[in-house]
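2 protein chains.
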Amino acid sequence: MSDKPKAIVLLSGGLDSSTVLAIASQHYKCHAISFDYHQRAEIELVAAEAIAVSFSASHQVIRLDDGVMAGSALTDTSIAVPEAAEEGIPVTYVPARNTVFLAHALAIAEVMNSSDIFIGVNAVDYSGYPDCRPEYIEAFENMANLATRASVEGARLRIHAPLINMSKSEIIKTGVELDVNYALTVSCYQADAKARACGVCDSCRLRHEGFVAAGIADPTRYQEGVELG
Amino acid sequence: MSDKPKAIVLLSGGLDSSTVLAIASQHYKCHAISFDYHQRAEIELVAAEAIAVSFSASHQVIRLDDGVMAGSALTDTSIAVPEAAEEGIPVTYVPARNTVFLAHALAIAEVMNSSDIFIGVNAVDYSGYPDCRPEYIEAFENMANLATRASVEGARLRIHAPLINMSKSEIIKTGVELDVNYALTVSCYQADAKARACGVCDSCRLRHEGFVAAGIADPTRYQEGVELG
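As given, the protein sequences belong to chains R and V, one line each in that order.
For the first sequence, counting from 1, position 135 maps to 135 in our numbering; every step adds exactly one.
For the second sequence, counting from 1, position 79 maps to 79 in our numbering; every step adds exactly one.
For the record, the hints were derived by calculation from the structure and aren't laboratory data.
No experiment lies behind these values; they were computed from the predicted model shown.
Be a bit skeptical, because a hint or two may be false.
Quick partial rundown of chain V residues pointing at chain R, CB under 10 Å, derived from the structure [what the hints assert, rightly or not]:
| id | residue |
| --- | --- |
| 1 | Asp36 |
| 2 | Ile62 |
| 3 | Asp66 |
| 4 | Thr99 |
| 5 | Pro219 |
For each residue, glycine too, the CB sits at the ideal point set by N, CA and C.
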């Protein structure tokens, strides 16, 4: 299907972005990009590669320089990952993460002559991150359409956020229909070296509740001794 | 002067950004950031360090992953740097460069509790890059103010572009008043390993014309045999 247009898909290897890759692959030839930002759960990069392969997408891991993605429980092991939902923006928020990720996607899209970027942000069952809100995505798209040579020459870049108004169970049902193998995906903020989930962080909690609500058996591999609520 | 607020300054080591650092240093404690993006003129990073030291600014070089800043004569040695002004957007345009640079600055600003980012874009004597226009800077600022925890908590991030409406000669006059040592700066797109300028690229041309218009002797160190027009 070489006549499909090209799209850049931000792929963390988690449940949401893997579902986005499945959605995008229906109509686009996808180039998936993941980031090595010294995150605790580096194993998610292995998951991302496996998911990309399963959808015949090309895959690029971009290494960010040390200390760029700082000030978060996800990158600083001196800050504990919380085991319950927090009020306000949680300590797992990574400063400007989606802006840095989307900026790289924009650069790669322009070089690859693509006008479509996909991102798995979600404004329903999410962790309260500011850079997951619809108004943020819209503002980035607006900026991107002033930033590039392609935009000056008339191409309209689109940031697609197909999950933005979906609940976690709707996302899971969609992914199952599109043959996403969720056993390959890693959502946990502190997955171990064998890609097994902790079962207690915010991301694990939202994911497990999604499977329960969808009425689909949770295929997640958990660490030993985890008891799900 | 520890009571000055902190600012992040994008510093390439060229004439414009060095002048911006001088302007910002009047009212802010500056943290300068430069990027190693495999540019032809890597020597500009040495110039950036020297300029940062001369204004007592801290300085951080951020290395971008291979292949992120691609598709430009500034990063791809198979594309020649042109020796005359071009129609439209020149081949020295680097896809999404300022977006990637500003995204990093935003992440660092948030971690450092700074609400001020300075960039040396200029819409008068410039090379026609889309991401140097006022409407682009405004759109980035708007996006940034939806992107971060700081913005949700009420801080207003500002992208300062003090040179945006200045001619090259006005920039030079301002810098001379603020004691910028322009002999330290490197503007050339293809400076040699001794930081000597080629004298023929678009950037060299604009720079030299600026010194002539300002009535200030050009302190630029040129490669042997260069004859300036």
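Verification of the hints:
With a least beta-carbon distance of about 9 Å to chain R, the hint placing aspartate 36 of chain V at the interface is held under the 10 Å criterion. The interface hint given for isoleucine 62 of chain V is met, as the beta carbon of that residue sits about 5 Å from the closest beta carbon of chain R, less than 10 Å. Interface restraint check: aspartate 66 of chain V against chain R, minimum CB-CB distance 9 Å, threshold 10 Å, status holds. With 10 Å as the threshold, the beta carbon of threonine 99 of chain V comes within range of chain R, its nearest partner Cβ sitting at about 5 Å, so the hint holds.
Interface hint at proline 219 of chain V: violated, since its Cβ lies 32 Å from the closest Cβ of chain R, which is beyond the 10 Å cut-off.
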